Amino acid sequence: MSSWGDEILNLMFILMGLLLAHTGVRALLDKTNPRRYTTAAFWLLLGFTFAFGEVVSYTLIGVIVIVLGALTLSKGVKVGTLEEGTQEEKDEGARRLGNWLFVPALALAGIAVAISTWAPFGDQSGTVSIGVASILALGIAWVLTKAKASTVAGQTDRLIQQVGPIGMLPQFLAMLGAVFTAAGVGEVVADAIATIVPDGNRFAGVLAYCAGMAIFTAVVGNAFAAFTVITTGIGVPFVFALGGDPIIAGALAMTAGFCGTLVTPMAANFNALPVALMQMKDNNGVIKTQAPIAAVMFVIHVLLMYYWAF
Amino acid sequence: MGPDWFVLIGVVVIVVGFMLKLDAIAVVIIAAMTTAFIAEVSFDDFLEFIGETWVSNRTVSFFILTLPMIALSERFGLKEQAVNLINRLKGMTTGRFLTLYTVIRQLCGIFGIRISGMVQFVRPIVQPMASAAAEEENLLTEPNDELIKAESATAENVGNFFGQNGFVAASGVLLIVGTLEGLGYTVEATDIAGASLPIIVIAAVVAAIHFNLLGRRLKRNAAPEGTESNEGSLQ
Numbered sequence: 001m002s003s004w005g006d007e008i009l010n011l012m013f014i015l016m017g018l019l020l021a022h023t024g025v026r027a028l029l030d031k032t033n034p035r036r037y038t039t040a041a042f043w044l045l046l047g048f049t050f051a052f053g054e055v056v057s058y059t060l061i062g063v064i065v066i067v068l069g070a071l072t073l074s075k076g077v078k079v080g081t082l083e084e085g086t087q088e089e090k091d092e093g094a095r096r097l098g099n100w101l102f103v104p105a106l107a108l109a110g111i112a113v114a115i116s117t118w119a120p121f122g123d124q125s126g127t128v129s130i131g132v133a134s135i136l137a138l139g140i141a142w143v144l145t146k147a148k149a150s151t152v153a154g155q156t157d158r159l160i161q162q163v164g165p166i167g168m169l170p171q172f173l174a175m176l177g178a179v180f181t182a183a184g185v186g187e188v189v190a191d192a193i194a195t196i197v198p199d200g201n202r203f204a205g206v207l208a209y210c211a212g213m214a215i216f217t218a219v220v221g222n223a224f225a226a227f228t229v230i231t232t233g234i235g236v237p238f239v240f241a242l243g244g245d246p247i248i249a250g251a252l253a254m255t256a257g258f259c260g261t262l263v264t265p266m267a268a269n270f271n272a273l274p275v276a277l278m279q280m281k282d283n284n285g286v287i288k289t290q291a292p293i294a295a296v297m298f299v300i301h302v303l304l305m306y307y308w309a310f
Numbered sequence: 311m312g313p314d315w316f317v318l319i320g321v322v323v324i325v326v327g328f329m330l331k332l333d334a335i336a337v338v339i340i341a342a343m344t345t346a347f348i349a350e351v352s353f354d355d356f357l358e359f360i361g362e363t364w365v366s367n368r369t370v371s372f373f374i375l376t377l378p379m380i381a382l383s384e385r386f387g388l389k390e391q392a393v394n395l396i397n398r399l400k401g402m403t404t405g406r407f408l409t410l411y412t413v414i415r416q417l418c419g420i421f422g423i424r425i426s427g428m429v430q431f432v433r434p435i436v437q438p439m440a441s442a443a444a445e446e447e448n449l450l451t452e453p454n455d456e457l458i459k460a461e462s463a464t465a466e467n468v469g470n471f472f473g474q475n476g477f478v479a480a481s482g483v484l485l486i487v488g489t490l491e492g493l494g495y496t497v498e499a500t501d502i503a504g505a506s507l508p509i510i511v512i513a514a515v516v517a518a519i520h521f522n523l524l525g526r527r528l529k530r531n532a533a534p535e536g537t538e539s540n541e542g543s544l545q
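In order, the protein sequence lines correspond to chains A and B.
Using our numbering, read the first sequence as starting at 1 and increasing by one per residue.
Using our numbering, read the second sequence as starting at 311 and increasing by one per residue.
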């Protein structure tokens with residue numbers, strides 16, 4: 001049952017590899033791209049890490065990851081000519097299909113939920129649900145639009161190149177988060193905060209627990225990674241031990257960590273991916289609009305934990 | 311061995327690199343290398359470690375699989391239809407629309423509907439609708455358009471973060487339960503989800519106020535040109 005899910009998951013990675021390699025080949029053939037060889041190298045190597053990640057040695061993948069960084073650092077990844085589609089074509093499509101155009105996006109969500117609930121692929125169902133749903137939703141979109149295969153290929157390439165290498169930043173940062181965790185950055189942050197918190201002061205304890213979650217989350221970009229470290233290092237001695245309800249304080253600590261997620265470039269899938277997806281000019285644009293909300297929510301977390309958990 | 315303050319240098323590299331707007335991917339790799347160097351990890355082990363974590367984190371980039379469907383829908387007028395739809399809803403300002411989306415996103419979270427909203431909804435549907443609502447009021451100057459992009463992502467993140475823990479089987483809830491049980495406390499997932507509800511309601515109120523203020527900010531930004539603010543509008 002679970003190996004069935006693993007097979008499907010592996011198939012998804014191969015499919016991602018093919019999508020990326022397809023963009024690499026198109027970039028190579030695109031003479032309007034000023035850096036077509038390095039651009040093609042980036043997408044092909046990236047595709048390779050997805051399709052063959054489990055087959056080759058991790059050391060080789062590590063080398064490729066560094067090469068990918070060198071390619072973006074040397075501004076080697078450029079966008080050539082993309083298959084944009086004219087405004088007339090888009091307007092015509094909207095007139096012809098109307099609200100049916102929303103069906104594939106909604107079907108994607110619906111199918112993904114159905115798969116993760118119904119779990120036909122065992123333990124991997126949650127993970128593969130988005131992938132399987134994407135394929136089915138693409139099928140629906142294809143049937144609705146009656147598009148030619150070359151249009152589907154051209155459009156896929158367009159969006160992958162528009163999102164660009166920055167769309168891969170979340171995965172690079174997840175990797176860095178693992179390096180930080182392995183190097184013990186979490187313990188250092190927890191220890192640093194623990195040394196400055198006065199013993200036996202409830203408010204100071206609550207403030208340290210919330211701030212520890214927000215700061216450590218901002219550093220590694222992931223509140224889940226922060227929760228265990230900060231709860232053990234700060235939550236237990238400075239909040240729970242003084243009589244704070246672990247259920248209330250624990251639940252609030254997690255969302256206090258999310259306040260840190262709102263303001264960190266480390267949480268790239270939330271704060272940098274939209275910049276890439278919408279081609280925004282300011283890399284920190286999303287963080288700037290979220291900062292006031294994060295500040296207000298943080299203060300509310302501290303007060304709520306102080307008055308409700310005790 | 312006690313904690314080593316020098317491991318924080320990798321964090322400094324990230325912060326400085328991102329602030330100086332250097333190539334983000336290269337900065338991440340340099341920060342990882344610096345941290346490994348300070349932790350006295352050999353280069354071979356470092357390569358193997360990043361290779362392994364890269365491969366085990368491939369699911370982070372799963373959104374790539376959704377791109378063909380989104381790209382195809384866009385080519386046949388998804389954004390245009392989203393704009394048509396919002397134009398039919400009279401009185402739907404950018405602020406009200408983003409508040410509505412935040413609450414819908416929270417409800418998705420509470421009912422356990424996991425979606426990658428940025429790719430599926432924000433880029434193709436929410437941001438075009440939010441921009442169209444601003445255009446309806448003649449507020450869509452170039453800086454406002456950029457601001458609306460950021461605020462559309464904000465609505466998604468706030469709705470996603472402060473909604474998901476209302477669901478008993480959310481991964482965050484299960485992590486809290488697992489951690490607390492590991493520390494010797496007795497907890498049920500339903501307790502954690504229940505304790506998350508007040509902050510979900512508070513977040514909705516904060517978002518509503520934030521997006522109400524956004525409406526005023528959009529007007530203020532577009533004001534210097536007065537009634538000619540249309541001039542600078544984007545299509």
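There's no promise every hint is true.
Said to hold, decoys possible - Among chain A residues calculated to face chain B with C-beta under 7 Å, some are:
1. Thr72
2. Leu73
3. Gly76
4. Gly85
5. Asp91
6. Gly93
7. Leu136
8. Thr156
9. Val179
10. Phe203
11. Phe224
12. Ile247
13. Leu273
14. Leu277
15. Met280
16. Thr289
What the hints assert, rightly or not - Okay, derived cross-link-like pairs now, PhoX-like style, lysine-lysine, Cα gap no bigger than 20 Å in a straight line:
17. B:Lys389 - A:Lys90
18. A:Lys146 - B:Lys389
19. A:Lys75 - B:Lys331
20. B:Lys400 - B:Lys389
21. A:Lys288 - B:Lys331
22. A:Lys288 - B:Lys529
23. A:Lys281 - B:Lys331
What the hints assert, rightly or not - Stretches of chain B that chain A covers, calculated by requiring three or more beta carbons in the stretch to come under 8 Å of a beta carbon on chain A:
24. 331–339
25. 345–357
26. 360–372
27. 379–388
28. 445–459
Please keep in mind that the hints were generated in silico from the structure rather than gathered at the bench.
The structure displayed is predicted, hence computed values, not measured ones.
Each residue gets a CB set at the ideal place from its N, CA and C atoms; glycine is no exception.
Checked against the structure, which of the hints given earlier come out wrong? Result: hints 3, 7, 10 break, sorted rising.
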